[in-house]
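S.K.: Protein chains in written order, with this note's numbering: chain A, 127 to 396; chain B, 127 to 396.
Coverage of chain B stretches by chain A, computed from C-beta distances (three or more under 8 Å per stretch; other residues unrestricted): (1) 194-201; (2) 264-276; (3) 282-289.
Incomplete in silico selection of chain A near chain B, CB under 8 Å: (4) Glu192; (5) Glu200; (6) Lys220; (7) Leu250; (8) Gly251; (9) Lys284.
Read the hints as simulated data drawn from the structure, not as lab findings. Beta carbons are placed, not taken as given, at the ideal position from N, Cα and C, and that holds for glycine.
2 protein chains.
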Amino acid sequence: MRALDKLYHAVEKNDSLLCLGLDSDIQRIPKFLLRQRYPLLAFNKKIVDATADLVCAYKLNSAFYEALGISGLESLRKTIAYIPKKILTILDAKRGDIGNTARKYASAIFGYFRADATTVNPYLGFDSLQPFVEYKDKLSFVLCLTSNKSAQDFQFLKLGKSPLYLEVASKVKSWNKHKNLGLVVGATYPQQLRDIRKVAVGLPILIPGVGAQGGDLEKAIQYGAGKGGLAIINSSREIIYASGEKDFASQARLRAAELYQRINFSPKLR
Amino acid sequence: MRALDKLYHAVEKNDSLLCLGLDSDIQRIPKFLLRQRYPLLAFNKKIVDATADLVCAYKLNSAFYEALGISGLESLRKTIAYIPKKILTILDAKRGDIGNTARKYASAIFGYFRADATTVNPYLGFDSLQPFVEYKDKLSFVLCLTSNKSAQDFQFLKLGKSPLYLEVASKVKSWNKHKNLGLVVGATYPQQLRDIRKVAVGLPILIPGVGAQGGDLEKAIQYGAGKGGLAIINSSREIIYASGEKDFASQARLRAAELYQRINFSPKLR
Chain A
127 MRALDKLYHA VEKNDSLLCL GLDSDIQRIP KFLLRQRYPL LAFNKKIVDA TADLVCAYKL
187 NSAFYEALGI SGLESLRKTI AYIPKKILTI LDAKRGDIGN TARKYASAIF GYFRADATTV
247 NPYLGFDSLQ PFVEYKDKLS FVLCLTSNKS AQDFQFLKLG KSPLYLEVAS KVKSWNKHKN
307 LGLVVGATYP QQLRDIRKVA VGLPILIPGV GAQGGDLEKA IQYGAGKGGL AIINSSREII
367 YASGEKDFAS QARLRAAELY QRINFSPKLR
Chain B
127 MRALDKLYHA VEKNDSLLCL GLDSDIQRIP KFLLRQRYPL LAFNKKIVDA TADLVCAYKL
187 NSAFYEALGI SGLESLRKTI AYIPKKILTI LDAKRGDIGN TARKYASAIF GYFRADATTV
247 NPYLGFDSLQ PFVEYKDKLS FVLCLTSNKS AQDFQFLKLG KSPLYLEVAS KVKSWNKHKN
307 LGLVVGATYP QQLRDIRKVA VGLPILIPGV GAQGGDLEKA IQYGAGKGGL AIINSSREII
367 YASGEKDFAS QARLRAAELY QRINFSPKLR
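Next comes chain A alone, as it looks inside the complex:
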């Protein structure tokens, strides 16, 4: 099944726009898990078991696994294999390189790690995205406007009257021949999200920045989701570190269920 269809099905089946971010950090997971051979995997399995009916996607933040080297990357691969097949897996790797190198990155992400979807950086332009686009059954979210403060250093710069992030949105829309591209837009910039959604009608948007980063959930839904297209809301640290004790998975479920409810009862979505 194509990744985008899988996402639509997961959204419908679980009635959820929640994407749970597995930013699983060896320094923050419960200490008793450190005895396991693959602590991040052990943590992720419990979190997945506790939340798989509440989410449409899991987003694995590659950096947290890479930082542990081989052991972390084994956890990454095994977690993706463990996640129920009906839920979208996003390997959040933000890669961007020239064509022959980008081909290798795409092969790592979609071939070796077997993720359904990924994130990519637009700075190098179309030929750097093309190897990802060629995986027609996969889904690649292009960074458009990121949730961090320094997004303003370059993404907000004006090209004539229009900022760079809108140029990215517009170009990605024009490159979306195979309907396998989306955008990343931070919830921390709701007005800009609204402008982007107008340019990028129909493109799925991955929205991080709710929770620890202070983004506005209701506005993210109001401006990102709805008639313009699908938006999924990512939350990571707020959910997975709800507790550092034995009850970490059930506490994560409670926190995920709260956010799930807030999303589904958002007045603008109804």
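Take the given structure of chain A and dock chain B to it, following the hints.
M.R.: Only chain B this time, still in chain A's reference frame:
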């Protein structure tokens, strides 16, 4: 020793501006190496043995190792450990993510893989680079103008009168408080390299795009190196795949020596 000092010493000791790119591809290395437990490592060791007196740096292209999964990443780690300590190791990973994630990427590259230097993507702005900058003894080359054709999609866009790549050059120069930042500028855009060098006086520049990509070596040296600061010239495929037979290492040495000579006898460097 600080990475930048290490680079200066290697340039002086070997009288070389040549950075050899280990874009070691399982599909292109000699077939007889595939019997080895770590074929990419076996390939790299022979290449390094054959060229270490001709280069100032080795650049390992992370994608080629990631594409092989765990085995590839073991080759990557072991190659970096194998390279003589006097030669700079650049893990070309082009990472870019928000602060807490960037910290993990920096930890993977400098901590786990123990590279001296890396490449980073500027799209997310300063706070995404800060965790790299905080490794004061390391060196991070920020993508400014890449060697590919589609660099024109975004990097050439005009902000008022000035293109985005010059804004990147200018900001990176202003962020270089610890003297541990550099730029990546493709040899395929020599005029633009000249403009960038004027803005980025003193910053080391990593110049890919010579060889297979068709960049102009003499102009790269003329405009990138010299009074404005240090530039190192990367070549990968042209050198490491000089032969696909048993003599691959000696043929790579010949090809590297040719380029070494061309660089050192470039009229503009003398």
